[in-house]
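Participant: Using our numbering, you'd call the opening residue of the sequence shown number 57 and step up by one each time.
Hints are computed from structural coordinates only; laboratory data are not their basis.
One or more hints might be untrue.
Ranges of calculated distance between the beta carbons of each label pair, as one might list FRET restraints [stated by the list, open to error]:
hint, residue 1, residue 2, range
1, Leu350, Asp192, 33 to 43 Å
2, Cys300, Thr118, 48 to 58 Å
3, Pro84, Cys339, 38 to 48 Å
4, Asp318, Arg110, 50 to 60 Å
5, Asp318, Gly188, 31 to 41 Å
6, Pro85, Ser346, 33 to 43 Å
7, Ser130, Gln293, 16 to 26 Å
8, Cys368, Lys149, 51 to 61 Å
9, Cys339, Asp192, 10 to 20 Å
10, Thr348, Ser130, 36 to 46 Å
11, Asp318, Glu120, 27 to 37 Å
12, Leu350, Thr187, 19 to 29 Å
13, Gln358, Asp318, 13 to 23 Å
No residue lacks a Cβ here, since even glycine has one placed at the ideal position from N, Cα and C.
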Amino acid sequence: MEVSDAVENQQHQSALPQRIQEAEPAGPPHEALYLVLTYLPSLFEILSMSEVCRSLRDALNTDELAWWNIIIESPLNLILSEDFLTRITSKAKGGVRTLALLNCGKITDDGLQQVLVKNSLITKLYIPWCTGLTPDGVVKAVKTLTCLKSLSINGIYNVKKEHLEMLHSCLCPNPFQQELPPILYHEFRNENLQAFSNRKIDRAIDVEVCPKCDDVRMVFDCPRETCRRTRERSVGQCRGCQICISRCEECGRCVQSDELEDAVCADVLCSDCWLQLPKCSFCNRPYCKSHTNLMRNSSSSQIICDDCDNACEIRTCYD
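Make the full structure from the sequences, and use the hints.
Facilitator: Written out as structure tokens, the structure reads:
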């Protein structure tokens with residue numbers, strides 16, 4: 057039996073080189089792949105596609121349309137430098153239409169200005185939480201762009217009313233006479249940068265003056281029916297920024313102090329959403345949907361949160 061197995065294995069190994077020789081050599085990518093290059097969602101996917109093979113890399117280097125919409129988010133935003141941004145935008149040869157930089161802290165006013173001078177046709181500029189930028193640098197950048205229609209500057213520090221008025225004057229002639237569409241907190245939190253950059257342009261700037269604290273921040277509306285009716289009557293009691301008004305992480309409605317429910321992830325939850333979410337079997341606290349990946353299953357098939365799981369491990373060590 058052992059002899060027959062050894063002979064069979066030897067015959068199988070001798071046949072392997074012949075099979076390898078008979079295998080067809082790898083050819084060029086399918087033509088359909090070249091058609092999707094201009095529809096890749098972000099810079100990370102574009103760079104990943106360029107590493108697949110030489111043909112795709114050459115196609116991306118020569119296709120200006122693939123670089124018209126440059127969207128940089130995690131994980132590239134943490135290592136993005138101004139020199140790299142300049143090299144990437146230069147591939148569009150001045151034709152960049154959308155430049156979206158999410159939380160790119162290494163970008164400064166001079167670095168952004170250098171890119172915008174060479175790409176004056178940009179219509180969408182999204183630079184939220186780019187803390188290396190200043191309000192004066194943003195104003196200078198917007199004045200450089202003659203076709204700009206949409207601007208996102210949420211998270212840039214020290215933006216004042218004067219800066220906001222100057223930005224509005226560069227984007228549209230009579231912005232305060234237009235009725236701004238509402239921004240719902242939960243939709244904004246769950247919207248990624250790709251969806252944000254592809255949505256229809258419904259407002260020129262994402263920030264405005266908060267009616268509560270009078271600071272320039274993102275102002276959210278309430279989806280609750282009673283609050284919507286007061287907003288239609290121009291009362292707007294629950295319209296304000298995130299600091300002034302607590303809002304539910306799941307539904308975006310305003311939450312009063314007596315309506316706050318306890319969650320493991322410390323996010324704000326209303327009573328209705330709290331009841332619908334799965335809860336830890338030990339502390340009876342839920343995670344919001346954006347943190348459900350932290351929920352674990354115990355050995356007894358019970359749901360357990362990270363806090364209770366760590367407490368159980370500590371107790372087991374002492375026992």
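Participant: Confirm or reject the claim that Cys368 and Lys149 have a C-beta distance inside 51 to 61 Å.
Facilitator: holds, 59 Å
Participant: Taking the beta carbons of Cys300 and Thr118, is their distance inside 48 to 58 Å?
Facilitator: holds, 51 Å
Participant: Honestly, do Pro84 and Cys339 meet the 38 to 48 Å range at C-beta?
Facilitator: violated, 57 Å
Participant: Does the Cβ distance between Gln358 and Asp318 fall inside 13 to 23 Å?
Facilitator: holds, 19 Å
Participant: Using the beta carbons of Asp318 and Glu120, state whether their distance is inside 27 to 37 Å or not.
Facilitator: violated, 53 Å
Participant: For the hint 31 to 41 Å, verify it against the beta carbon of Asp318 and that of Gly188.
Facilitator: holds, 37 Å
Participant: Regarding Asp318 and Arg110, is the given constraint of 50 to 60 Å on their beta-carbon distance met?
Facilitator: holds, 56 Å
Participant: For the range 36 to 46 Å, tell me whether the beta carbons of Thr348 and Ser130 fit it or not.
Facilitator: violated, 19 Å
Participant: Take the C-beta atom of Pro85 and the C-beta atom of Ser346, compute their distance, and say whether it sits inside 33 to 43 Å.
Facilitator: holds, 36 Å
Participant: 16 to 26 Å was suggested as the range; check whether the CB atoms of Ser130 and Gln293 agree with it.
Facilitator: violated, 36 Å
Participant: Given a hint of 10 to 20 Å, does the C-beta separation of Cys339 and Asp192 actually sit inside it?
Facilitator: Once the Cβ atoms are compared, 49 Å apart, the range 10 to 20 Å for Asp192 and Cys339 is violated.
Participant: Look at the Cβ atoms of Leu350 and Thr187 and judge whether their distance stays inside 19 to 29 Å.
Facilitator: For Thr187 against Leu350, whose Cβ atoms are near 27 Å apart, the range 19 to 29 Å holds.
Violated hints, in rising order: 3, 7, 9, 10 and 11; the structure is consistent with all others.
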